[in-house]
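From just these sequences and the hints, can you work out the full model?
Which chain is which? The protein sequence lines are A and B, in order.
Here the first sequence stands for residues 1 to 427, numbered as in the working numbering.
Here the second sequence stands for residues 1 to 336, numbered as in the working numbering.
Calculated directly from the structure, the hints in this document are not laboratory data.
It cannot be assumed that every hint is accurate.
[Unchecked claim] Computed list of lysine-lysine pairs in DSSO-like fashion (alpha-carbon distance at most 30 Å, straight line):
#1 B/Lys318 with B/Lys45
#2 A/Lys225 with A/Lys198
#3 A/Lys198 with B/Lys242
#4 A/Lys225 with B/Lys242
#5 A/Lys201 with B/Lys242
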Amino acid sequence: MISLCHSACRPLAACSILLALHCNGAMSAMAAPSGTSSAATYSTPTSVTITSTAQSLDLSIGYLELLQPRPPLLSNVIPEPTDSGLQGARLGIDDNNAGGRFLGQHYQLREQRSPDLSVLLDQARLWQNAGVQLLIVNLPADALLQLSKQFPANEVLLFNIGAADNVLRSGPCRSNLLHTLPSRAMLTDALGQWLTSKRLKNWFLVHGQRPEDLAYRDSLQRSAKRFGSRISESKAWSFSTDLRRAAQREVPLFTQASDYDVLVVSDEPGDFGEYLLYNSWLPRPVVGTQGLTPVGWHRVVEQWGAAQLQSRFQQRAGRWMNSNDYAAWIALRSIGEAVAELNHGDPDSVRRHLLNDAFQLAGYKGRKLSYRSWNGQLRQPIPLIHPRALVSQSPQEGFLHPRNELDSLGFDQPESQCQNLISGAVL
Amino acid sequence: MKLFTNIHAVALATSCLTLSALSVTGVALAVPSAQAATAYVSNEKDNSISLIDLDSLEVVDTIEVGQRPRGITFNADFTQLYICASDDDRVQVLDIRSRKIVDELPSGEDPEQFALHPDGQHLYIANEEDALVTVVDIPSRQVVAQIEVGVEPEGMAISPDGTLAINSSETTSMLHWIDTQSLQLVHNTRVDQRPRHIEFTQDGSRFWASSEIGGSVAVVDVASRAIIHTLRFQIRGVHSDKIQPVGIKLSADGRLAYIALGPANHIAVVDAQSFKILDYLLVGRRVWHMAFSPDEKLLLTTNGISGDVSVIDVERRKVVKSIRVGRYPWGLAVKP
Numbered sequence: 001m002i003s004l005c006h007s008a009c010r011p012l013a014a015c016s017i018l019l020a021l022h023c024n025g026a027m028s029a030m031a032a033p034s035g036t037s038s039a040a041t042y043s044t045p046t047s048v049t050i051t052s053t054a055q056s057l058d059l060s061i062g063y064l065e066l067l068q069p070r071p072p073l074l075s076n077v078i079p080e081p082t083d084s085g086l087q088g089a090r091l092g093i094d095d096n097n098a099g100g101r102f103l104g105q106h107y108q109l110r111e112q113r114s115p116d117l118s119v120l121l122d123q124a125r126l127w128q129n130a131g132v133q134l135l136i137v138n139l140p141a142d143a144l145l146q147l148s149k150q151f152p153a154n155e156v157l158l159f160n161i162g163a164a165d166n167v168l169r170s171g172p173c174r175s176n177l178l179h180t181l182p183s184r185a186m187l188t189d190a191l192g193q194w195l196t197s198k199r200l201k202n203w204f205l206v207h208g209q210r211p212e213d214l215a216y217r218d219s220l221q222r223s224a225k226r227f228g229s230r231i232s233e234s235k236a237w238s239f240s241t242d243l244r245r246a247a248q249r250e251v252p253l254f255t256q257a258s259d260y261d262v263l264v265v266s267d268e269p270g271d272f273g274e275y276l277l278y279n280s281w282l283p284r285p286v287v288g289t290q291g292l293t294p295v296g297w298h299r300v301v302e303q304w305g306a307a308q309l310q311s312r313f314q315q316r317a318g319r320w321m322n323s324n325d326y327a328a329w330i331a332l333r334s335i336g337e338a339v340a341e342l343n344h345g346d347p348d349s350v351r352r353h354l355l356n357d358a359f360q361l362a363g364y365k366g367r368k369l370s371y372r373s374w375n376g377q378l379r380q381p382i383p384l385i386h387p388r389a390l391v392s393q394s395p396q397e398g399f400l401h402p403r404n405e406l407d408s409l410g411f412d413q414p415e416s417q418c419q420n421l422i423s424g425a426v427l
Numbered sequence: 001m002k003l004f005t006n007i008h009a010v011a012l013a014t015s016c017l018t019l020s021a022l023s024v025t026g027v028a029l030a031v032p033s034a035q036a037a038t039a040y041v042s043n044e045k046d047n048s049i050s051l052i053d054l055d056s057l058e059v060v061d062t063i064e065v066g067q068r069p070r071g072i073t074f075n076a077d078f079t080q081l082y083i084c085a086s087d088d089d090r091v092q093v094l095d096i097r098s099r100k101i102v103d104e105l106p107s108g109e110d111p112e113q114f115a116l117h118p119d120g121q122h123l124y125i126a127n128e129e130d131a132l133v134t135v136v137d138i139p140s141r142q143v144v145a146q147i148e149v150g151v152e153p154e155g156m157a158i159s160p161d162g163t164l165a166i167n168s169s170e171t172t173s174m175l176h177w178i179d180t181q182s183l184q185l186v187h188n189t190r191v192d193q194r195p196r197h198i199e200f201t202q203d204g205s206r207f208w209a210s211s212e213i214g215g216s217v218a219v220v221d222v223a224s225r226a227i228i229h230t231l232r233f234q235i236r237g238v239h240s241d242k243i244q245p246v247g248i249k250l251s252a253d254g255r256l257a258y259i260a261l262g263p264a265n266h267i268a269v270v271d272a273q274s275f276k277i278l279d280y281l282l283v284g285r286r287v288w289h290m291a292f293s294p295d296e297k298l299l300l301t302t303n304g305i306s307g308d309v310s311v312i313d314v315e316r317r318k319v320v321k322s323i324r325v326g327r328y329p330w331g332l333a334v335k336p
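Shown next as structure tokens:
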């Protein structure tokens with residue numbers, strides 16, 4: 001199965017099968033809402049307000065987040081926001097309402113954040129009884145699965161915006177679970193493609209010891225194999241020294257090796273990785289969780305109209321939009337597009353609409369986004385950034401795929417044990 | 001006629017270069033003319049307007065304007081050019097004779113595109129960051145109405161008889177129909193993702209609207225308010241996701257339509273009656289908008305990423321020249 005994908009994703013393959021996407025974006029027309037106030041004269045500015053039609057739809061969407069303790073970190077100079085994801089969901093509601101008012105559709109966000117998982121699980125049940133069946137979920141993988149298993153198939157639809165775990169996308173997949181956050185595999189594949197296109201194929205891998213660091217390391221190893229790179233050194237970071245003072249002395253010794261093209265780092269929480277830059281034994285670029293970083297979203301993304309989204313977010317949240325915010329926002333926009341077509345929010349219908357091949361969504365990433373029918377993952381280009389600029393965006397030119405180049409990132413159909421979620425059988 | 005023969009000569013001289021946007025320099029192009037038409041090009045990331053003489057096909061002047069100029073349009077007698085200075089939140093008025101900014105109009109926040117009502121007095125401005133269409137009375141410099149539309153309003157067009165304004169909202173994926181008498185929304189049409197530009201036919205019976213991410217162009221019948229056709233495009237060797245229609249131009253005789261396909265770097269030539277796609281012309285990178293020369297013998301395109309303007313010989317459907325302008329050329333308007 002792997003070899004199948006290998007040939008499909010090989011760079012510069014002569015393969016030129018380009019299947020046109022037949023997005024017969026169902027178009028419809030609707031009358032304008034009545035009750036608009038009139039601009040009677042040409043003398044004063046008039047704001048025309050729109051009220052909804054008689055057949056209005058009120059849709060509540062839940063937001064669940066497990067508040068987790070943050071470990072002490074060495075590179076803690078710039079604090080992380082405490083409302084990642086939530087602010088994106090709020091903006092998504094705003095954007096949906098701005099369009100929904102022309103269709104008589106109104107969206108509302110119910111929020112529940114707690115350090116106690118049982119509170120969240122109970123809340124989800126209460127919501128379900130009250131008809132809140134579409135949930136934006138910011139939970140770690142195990143908690144997410146627990147939540148997913150709590151509901152019978154097709155009664156609640158969950159959007160994962162917090163867990164990048166590959167295992168959620170490679171199987172077994174849950175049919176009531178869609179992922180708008182890129183998987184780790186998508187991130188490391190995006191990086192792996194870029195490194196291959198730059199011919200930086202001899203990697204020195206440095207990883208932390210936390211479970212998420214090991215998961216990112218595993219994902220890097222998968223990407224190296226996929227795109228023909230070699231990991232010539234792999235070392236675990238185990239120092240307890242305060243690198244803020246000692247990086248210049250410690251890091252060169254740690255990164256001593258005969259030769260490597262690039263230092264690849266796996267340090268998800270951001271403990272030591274920042275101190276590798278400019279301190280490596282050989283003067284080599286640092287990529288991975290620090291240095292050149294693959295992300296779902298970042299402030300430096302401004303092409304394709306993204307500047308507008310960035311500025312709307314900044315105005316609403318008073319800070320920069322990050323990958324969790326984007327995942328929550330695009331989940332809400334997915335719901336908004338589905339409901340605009342369906343004119344109701346039944347979770348199973350929304351799920352089928354989103355997983356259908358004809359679904360298309362604009363997300364400021366330069367091409368239309370859609371969901372993978374086999375594992376519910378949102379297909380999306382991955383920006384590669386450094387803290388002040390966009391460096392590139394994967395998929396890289398030349399990494400072809402018989403169906404959709406975006407499927408050269410992450411778990412392609414032959415690699416995933418999950419099959420067609422549309423049938424809804426996997427539970 | 002003179003222009004045509006000149007173009008012919010250039011095309012012959014470069015007929016072997018067909019792979020990329022053509023750059024012909026050092027070719028003596030034209031006899032100077034006292035009344036050459038001039039193309040005005042807004043350079044989004046240079047805060048300037050480039051002036052191209054349409055006889056010589058050379059840049060003859062560059063004028064500093066406000067921040068992030070995008071949409072540009074002339075007044076009826078071509079004495080003034082209105083410029084959306086998006087990051088200055090205003091519309092600037094450029095005096096054509098003196099080539100100086102002589103006035104500024106209120107515009108609402110982040111004006112991107114606009115349309116001048118046939119009465120010559122009212123500008124309809126899409127305010128990208130505010131989900132509003134702002135209507136400005138030019139003589140009194142007053143905002144006369146702000147109409148709420150969907151998220152990220154972009155395209156703006158007014159029917160030739162002046163009764164109907166159409167605005168597109170990118171994130172909401174709708175075309176909003178505004179009655180210019182009552183200044184109220186009267187209808188909304190959902191189209192494919194990220195609608196951009198709107199262009200009315202000369203008789204006002206239809207308009208064409210592009211959807212950038214949806215990769216399509218909808219042709220809408222005004223009387224029935226129905227989409228009568230949806231155009232899709234296929235270019236050999238270009239992934240369908242990269243075919244992202246933005247600018248639209250319709251020939252005055254109603255026979256042909258030209259669609260700028262963004263990062264696909266091509267212009268589609270379409271039979272405007274049968275909707276058959278006749279040809280794809282390779283131009284510069286990320287092609288945004290277009291304008292005809294007054295005699296419609298030339299079609300100019302702004303190419304954002306390559307920072308140039310491609311010149312198409314309309315009759316022969318050939319790109320005959322590319323002209324370097326400022327950074328990120330966006331809007332185009334031609335003064336006869």
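The hints, checked one at a time:
1. B/Lys318 with B/Lys45: holds (28 Å)
2. A/Lys225 with A/Lys198: Between A/Lys225 and A/Lys198 the Cα gap is close to 16 Å, so the pair holds against 30 Å.
3. A/Lys198 with B/Lys242: holds (23 Å)
4. A/Lys225 with B/Lys242: holds (29 Å)
5. A/Lys201 with B/Lys242: holds (29 Å)
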